[in-house]
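Work out the full structure, taking the sequences as your base and the hints as a guide.
From first to last, the protein sequence lines stand for chains A and B.
Note that our numbering numbers the first sequence so that position 284 is 284, with each residue one more than the last.
Note that our numbering numbers the second sequence so that position 35 is 1035, with each residue one more than the last.
Bear in mind the hints are in silico, worked out from the structure with no lab data behind them.
Just so you know, not all the hints are guaranteed correct.
Take a look, some chain B residues computed to stay more than 12 Å from chain A by CB distance [claimed, not checked]:
(1) K1048
(2) K1053
(3) A1091
Footprint (simulated), chain A over chain B, 3 or more residues, beta carbon under 8 Å [as the list claims (entries may be wrong)]:
(4) 1111–1120
(5) 1126–1140
(6) 1143–1150
The calculated DSBU-like cross-link candidates involving lysine-lysine, where the alpha carbons are at most 30 Å apart (straight line), are [said to hold, decoys possible]:
(7) A/K220 x B/K1131
(8) B/K1131 x B/K1048
(9) A/K220 x A/K320
(10) B/K1053 x B/K1042
(11) B/K1042 x B/K1109
(12) A/K220 x B/K1048
(13) B/K1160 x B/K1053
(14) B/K1160 x B/K1109
(15) A/K320 x A/K151
(16) B/K1042 x A/K220
(17) A/K320 x A/K207
(18) A/K220 x B/K1160
(19) B/K1109 x A/K220
(20) A/K287 x A/K320
(21) B/K1160 x B/K1131
Fair warning: this is a prediction, and the values are worked out from it, not measured in the lab.
Backbone N, C-alpha and C fix where the C-beta goes; we use that ideal spot for every residue, glycine too.
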Amino acid sequence: MRSAQFLACSAALAVGVLLCGGAYAADESAAPLSTADDSSQTGAAPSGGTAATPSPDAAASTSLSDFVDSGRLLLTQGVSNVEGASGGGLASWAVISGYETNDAVGGNAHFTYLNLPGYTVRDFGGSVGLFNRVELSYTRLQLDTGPTGGKLGIGDGYTFNEDIIGAKVRLFGDLVYDQNSLLPQVAVGVQYKHSENGALDEALGAKNPDGVDFYVSATKLFLNNALVVDTTLRLTKANQIGLLGFGGDLNDTYRPEFEGSVGYLITRRLVIGGEYRTMPSNLGFAKADNWFDVFAAYALNKDLSITLAYANLGSIATFKNQDGVYVSVQAGF
Amino acid sequence: MIRSPIRAALVAATVIASAPLALAQATTSAGEAALADGTPIKGDAVYKAFNEKAGIDRLTDDFVHRITTDPRIAARFQGANLTRLTFELKAQFCYLLNGPCTYAGKDMKTAHQGMGLRNRDFNALAEDMQKSMDAEHVPFWAQNQLMAKLAPMQHAVVTK
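Structure representation (structure tokens):
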């Protein structure tokens, strides 16, 4: 089972890399074409006077590179988080997946592993960014109880599985360009979440195996200070982001929760920072704590980035102080 | 001419907007310096971090070589007067970095009218600028100061 997951993940990563490679290859092959296209027209430009521009982009020749440009700057998509959305490790941000500009599409595949004293969390999925405007994502989240399962009476290695389908729309603002104002990049998102352990969730007090989260994110890059800051407001009923179902015996209404992240750019490739995320505590049998992490995300290039973090998820299903090392690899274009 | 010598240095860090200028000046009529839509960076720390006028000149020579050979945007410069472009960019960067330089010319919007520039063009130029700043060994914090000046020009430069 586990090896199958790794295989699936490896395949996803391979696809991501292949897509990337394809994109770059297309770029190179397209370049001579567009040069040729332009050269016939640009001859007039120098003598032509002011707005006699060289041929506007080689629109005539449509190629893959027109749709896959990887044209945004390094790290400006953030990284894929535990819910499959672009952001930090735990929080969702207003950035859109992929390195595409407004003329193209992009995307990512990711695999995340979090080793806790009582559990192992695995998370793999993918996302697509459309025109730096819309993000669609899917991720499969697993909480493997290992020996803890036996202590909980559900059997060693019992694994909670959750599917998360997300959509996010950037409303206004640009992370990079808006350096002369305080305007952040703002996006709204929705996440449909399905827990596969409905019967157990219910036995634990949850009201529903399915739930929908709504959030609004504002992300601001302060280039002068090499700082990126995000604040997100989320309406949710999710217990442990949905792994233990939605709603509970203590509360079954939407509550506003907060996610905040601060990152410092050490170089163009490396950002370090921390995140904090408040969680509802709907289940009487087990209190849920707020989450936090400190992270370092490194982009080898636009194809591949790695995130390392220390994450603390507090108490999960009565097992306290669940903290450990978070590793995430993401491949895309 | 662009391939000529002055390639001593290479590459640099975090920008975004020199693109507009270069594209603008390369393709507009005589390549008048387009006045940077921005005020100079305060103080002289950043100017010094760019190795002052000599550094800015080296960086710009490297930069012009990069943008005119970058397969993503090289076609934009076909037929442009690169000598003029280089001259104007040196003045503009120097001005923005609060060096002892002045220039006059069109504003960014006017300079780029009708060129149909896209975000991908702007960003490609920004990445070339990062490489040029790296090549000049401009520290990251100083690169960010110039980038922060250049980035907002996207609003005037990109029209598609």
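To see whether the hints hold, each was checked on the structure:
1. K1048: About 17 Å separates B/K1048 from the closest Cβ of chain A, which puts it past 12 Å; holds.
2. K1053: 23 Å, holds
3. A1091: 20 Å, holds
4. 1111–1120: holds (count 7)
5. 1126–1140: holds (count 4)
6. 1143–1150: holds (count 5)
7. A/K220 x B/K1131: The given pair, whose Cα atoms are some 24 Å apart, holds under the 30 Å limit.
8. B/K1131 x B/K1048: OK: B/K1131 and B/K1048 at ~18 Å, within 30 Å.
9. A/K220 x A/K320: 34 Å, violated
10. B/K1053 x B/K1042: 16 Å, holds
11. B/K1042 x B/K1109: Holds - the C-alpha atoms of B/K1109 and B/K1042 are around 24 Å apart, at most 30 Å.
12. A/K220 x B/K1048: 28 Å, holds
13. B/K1160 x B/K1053: Roughly 34 Å between the alpha carbons, so the hint for B/K1160 and B/K1053 is violated.
14. B/K1160 x B/K1109: Holds, at roughly 13 Å.
15. A/K320 x A/K151: Within the cut-off at roughly 14 Å; holds.
16. B/K1042 x A/K220: 23 Å, holds
17. A/K320 x A/K207: The given pair, whose Cα atoms are some 23 Å apart, holds under the 30 Å limit.
18. A/K220 x B/K1160: 24 Å, holds
19. B/K1109 x A/K220: This hinted pair holds, its Cα atoms lying about 25 Å apart.
20. A/K287 x A/K320: 9 Å, holds
21. B/K1160 x B/K1131: Holds - the C-alpha atoms of B/K1131 and B/K1160 are around 25 Å apart, at most 30 Å.
Hint compliance for this structure: hints 9 and 13 are not met, and every other hint is.
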